[in-house]
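J.: Sequence:
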Amino acid sequence: MKVALIGASGNVGSRLVAELARRGHSVTAIARDPSRIAAASGVTAVKADADSPEALARAIAGHDAVISSVHFTASDPNKLIAAVKAAGVPRYLVVGGAGSLEVAPGARLVDQPAFPAAHKSEALAGGAFLELLKAEPALNWTFLSPSALFVAGERTGKFRLGTNQLLADAGGKSWISYEDYAVALVDELETPAHQRQRFTVGY
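So the sequence shown is numbered by UniProt numbering: it starts at 1 and just counts up by one.
Do not take every clue at face value.
Stated by the list, open to error - Straight-line C-alpha distance at most 30 Å; calculated DSBU-like pairs for lysine-lysine:
#	residue 1	residue 2
1	Lys47	Lys79
2	Lys134	Lys85
3	Lys120	Lys134
4	Lys120	Lys79
5	Lys2	Lys85
6	Lys47	Lys85
7	Lys79	Lys158
8	Lys79	Lys2
9	Lys134	Lys173
10	Lys85	Lys158
11	Lys173	Lys158
12	Lys120	Lys2
13	Lys2	Lys173
14	Lys85	Lys120
15	Lys134	Lys158
16	Lys2	Lys47
These are calculated hints, taken from the structure and not from any lab test.
When you get a sec, could you build the whole thing from the sequences and use the hints?
T.: Have a look at this one:
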């Protein structure tokens, strides 16, 4: 597939570029500073600003899918959605956050007393992005939330998928590596199972 990736130079974005290239997809890697994108077969680095819907729409037009991997507090979801719609890209996948996942029925992770204050603004913005997507009448979107701990690690290809509830391992730890998250998201791209849905991944 021909895939555009917004935020290709970040922690998650760089792993997604690597996973897409590994599977033979053609990747347009979009970043404010394309020099930070590692050279790889099938990867074209492109400079574009997520804050400019017109420029972004031009960069992503003609692709089979677009993946958004940008910090929620450093971008405007309305502008991102507008760019995808203006470009006419048929599929939109979003690197989501864990804060909007439920730890009990009706109880979100971000609303728990122990949730780190430093990450609260980003988590709340991620939840707002998800609600905007749910309100879109026709956009074919998918929002993949990681587990509570989202860290650099290994690509094992072994993980579990869930829907709206936070996943944790047998010891109560909720985590996923950037590398395995990338595997799960590209799996979804190749074999759609959560269109117009949020899902989550964890060990």
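J.: Next, verify each hint and record whether it holds.
T.: Consistency of the hints with the structure:
1. About 17 Å separates the Cα atoms of lysine 47 and lysine 79, which keeps this hinted pair within 30 Å; it holds.
2. This hinted pair checks out: lysine 134 and lysine 85 have alpha carbons roughly 15 Å apart, not beyond 30 Å.
3. Using a Cα cut-off of 30 Å, the hinted pair lysine 120 and lysine 134 holds, with the two alpha carbons roughly 21 Å apart.
4. As the CA atoms of lysine 120 and lysine 79 are separated by approximately 22 Å, the hinted pair is consistent with the 30 Å bound.
5. Restraint check for lysine 2 and lysine 85: satisfied, since their Cα atoms lie roughly 17 Å apart, inside the 30 Å limit.
6. Annotation: proposed proximity of lysine 47 to lysine 85 holds, straight-line Cα distance about 20 Å (limit 30 Å).
7. About 35 Å separates the Cα atoms of lysine 79 and lysine 158, which puts this hinted pair outside 30 Å; it is violated.
8. For the hint linking lysine 79 to lysine 2, the alpha-carbon distance of about 22 Å falls within 30 Å, and the restraint holds.
9. With a CA separation close to 29 Å, the supplied pair lysine 134 and lysine 173 stays within the 30 Å bound.
10. Between lysine 85 and lysine 158 the CA atoms are separated by roughly 34 Å; this puts the pair beyond 30 Å, and the hint is violated.
11. For the hint linking lysine 173 to lysine 158, the alpha-carbon distance of about 16 Å falls within 30 Å, and the restraint holds.
12. This hinted pair does not check out: lysine 120 and lysine 2 have alpha carbons roughly 34 Å apart, beyond 30 Å.
13. In summary, the hint linking lysine 2 to lysine 173 is not supported, as the alpha carbons are separated by about 36 Å, beyond the 30 Å threshold.
14. Between lysine 85 and lysine 120 the alpha-carbon distance is near 29 Å, which keeps this suggested pair within the 30 Å criterion.
15. Between lysine 134 and lysine 158 the alpha-carbon distance is near 29 Å, which keeps this suggested pair within the 30 Å criterion.
16. Among the hinted pairs, lysine 2 with lysine 47 is consistent with the structure: their alpha-carbon atoms are about 17 Å apart, no more than 30 Å.
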